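Here the protein sequences line up with chains A and B, keeping their order. At position 107 of the first sequence (counting the first as 1) the number is 107 in our numbering, and the numbers step up by one without a gap. At position 184 of the second sequence (counting the first as 1) the number is 184 in our numbering, and the numbers step up by one without a gap.
Calculated directly from the structure, the hints in this document are not laboratory data. Being a predicted model, the structure only gives us computed values, none of them experimental. Beta carbons: idealized from backbone N, C-alpha and C, even for Gly. It cannot be assumed that every hint is accurate.
[Unchecked claim] If you want the footprint, here are the derived chain B segments under chain A, 3+ residues with CB under 8 Å:
id, region
1, 2 to 15
2, 43 to 53
3, 65 to 72
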Amino acid sequence: MPAAYTLARWILGNMHDADDVVQEAYLRAFRAFDQLSSGNDKGWLLRIVRNTAYTWLRDHRDQQNVIPFDEVVHGVALASAAETFEATAEAQANRDLVHDGLAELPVAFREIIVLRDLEELSYKEIARVIDAPIGTVMSRLARARRQLREILSARLRQQEGRSEL
Amino acid sequence: VNCDRARRLLDPYVDGELAPQERQRVEGHLRICASCAAERSRLEALIEAVKRSGRHRPPPGLERQVRAALAADAVTGWPGLPWRWLWLVASPLAGAALGIWIALTFFAGWSEQDVALRELVGAHVRSLMADNLVHVASGDPHTVKPWFAGRLDFAAEVEDLASKGFDLIGARLDYLAQRPVAALVYRRREHVINLFVLPAGPGTEQAAAELTRHGYNIVQWRRDDLAFRAISDLNMGELKVFTRFVGPRRPVVSGRAARVPNALNGVRASRERRGAAGGRSECRGCARRS
Chain A
1 MPAAYTLARW ILGNMHDADD VVQEAYLRAF RAFDQLSSGN DKGWLLRIVR
51 NTAYTWLRDH RDQQNVIPFD EVVHGVALAS AAETFEATAE AQANRDLVHD
101 GLAELPVAFR EIIVLRDLEE LSYKEIARVI DAPIGTVMSR LARARRQLRE
151 ILSARLRQQE GRSEL
Chain B
1 VNCDRARRLL DPYVDGELAP QERQRVEGHL RICASCAAER SRLEALIEAV
51 KRSGRHRPPP GLERQVRAAL AADAVTGWPG LPWRWLWLVA SPLAGAALGI
101 WIALTFFAGW SEQDVALREL VGAHVRSLMA DNLVHVASGD PHTVKPWFAG
151 RLDFAAEVED LASKGFDLIG ARLDYLAQRP VAALVYRRRE HVINLFVLPA
201 GPGTEQAAAE LTRHGYNIVQ WRRDDLAFRA ISDLNMGELK VFTRFVGPRR
251 PVVSGRAARV PNALNGVRAS RERRGAAGGR SECRGCARRS
């Protein structure tokens, strides 16, 4: 349940919707129980949660969050090693910073980080959840983490700049 | 492994997704390359940070709410049924319906024949009950055949087969395929043979066949515009021999009909060899009696 909720929250970015989506996903999972063939309960449930969340976004919200994801558009250049090192070091001590940074990521990047780092699914399981080849999982995850570091270091720079003023 | 390649493999390396060989190569590089090793630490730090701050705890009431919804869903079931689930139920039903339709289309002829066979067995069994076997009791074809005149709108040949081991007992009027038919009754040892003769019509279009229903052997065939149905508890071999003698022309029973004379010779030969007990091995009823 926490795993489903976390994923729903991060895809939807909204607490109230996440409640509804989790409930609907559980109902769907419950009704489709016969379809459960493999033993991978968690990946299977998360796949349903994800699909339910995207359907929900499409039905209940404007399109802002679900514009077709484009790897090229969202790919970013690597910042200097020194910058990101400070950023990540700081991030460990600053939960809000990481939280906001995650929220700032495109949803496709956000969900893959959630699936890997929070839900701790293997690449293979993630591939099944998001319906993509393993190679895509690998490259998208690397890009997502890189962009998160970018965002964190940018936010840190902002904060430092403000405190200097 | 150079730095470029190591950097590209760093994410799967940290995630434990590399094959052992590649994993060792990256490890080897990390031991000698401080820059890449530092990059690895930063990556691990980032993941650790996400782990610490990314999790959302579901609100306390949510689990209870979902359980209640699941319970309600299990009770009502139908409302809000998702299409996928409906399809899951509907597709086997549709498949079954299609199967039944195909079966009905293909075997309509069969089932018609089945009804006819049931009717035939019924008529045979009824004839054996309560003194209803013959309406005219005679072993003389010239008595039996005229008896039908005025009772039927066709003339059935009646053969005297006593010399062949089939005694004519008599005949009666019966009813098959929604019409009156001739039932000629023969006996071989203790076995009664009912030979039904009726005009071939839409209900009697089946091909020649040898069948067994409810333990009764049945041989049915057509000759010209008449349909013949012989039924008895006599063994099939001797019943087929009987059908050879019925009517002036050779009935076409099936592809095996061509071998009937041989079968006849075989039966005769065995009867000669074994005397009165001939055919015993083929009939349990006779074996019990003797």
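How does the coverage statement for the region 43 to 53 of chain B fare against chain A, requiring three or more residues with Cβ below 8 Å from a Cβ of that chain?
holds (count 10)
Chain A over the region 2 to 15 of chain B, status - at least 3 residues with CB closer than 8 Å:
That given contact holds, which follows from 5 residues of the region 2 to 15 of chain B lying within Cβ reach (below 8 Å) of chain A.
Checking C-beta pairs, does the region 65 to 72 of chain B have three or more residues closer than 8 Å to chain A?
holds (count 4)
Checked against the numbered hints given earlier, this structure breaks none of them.
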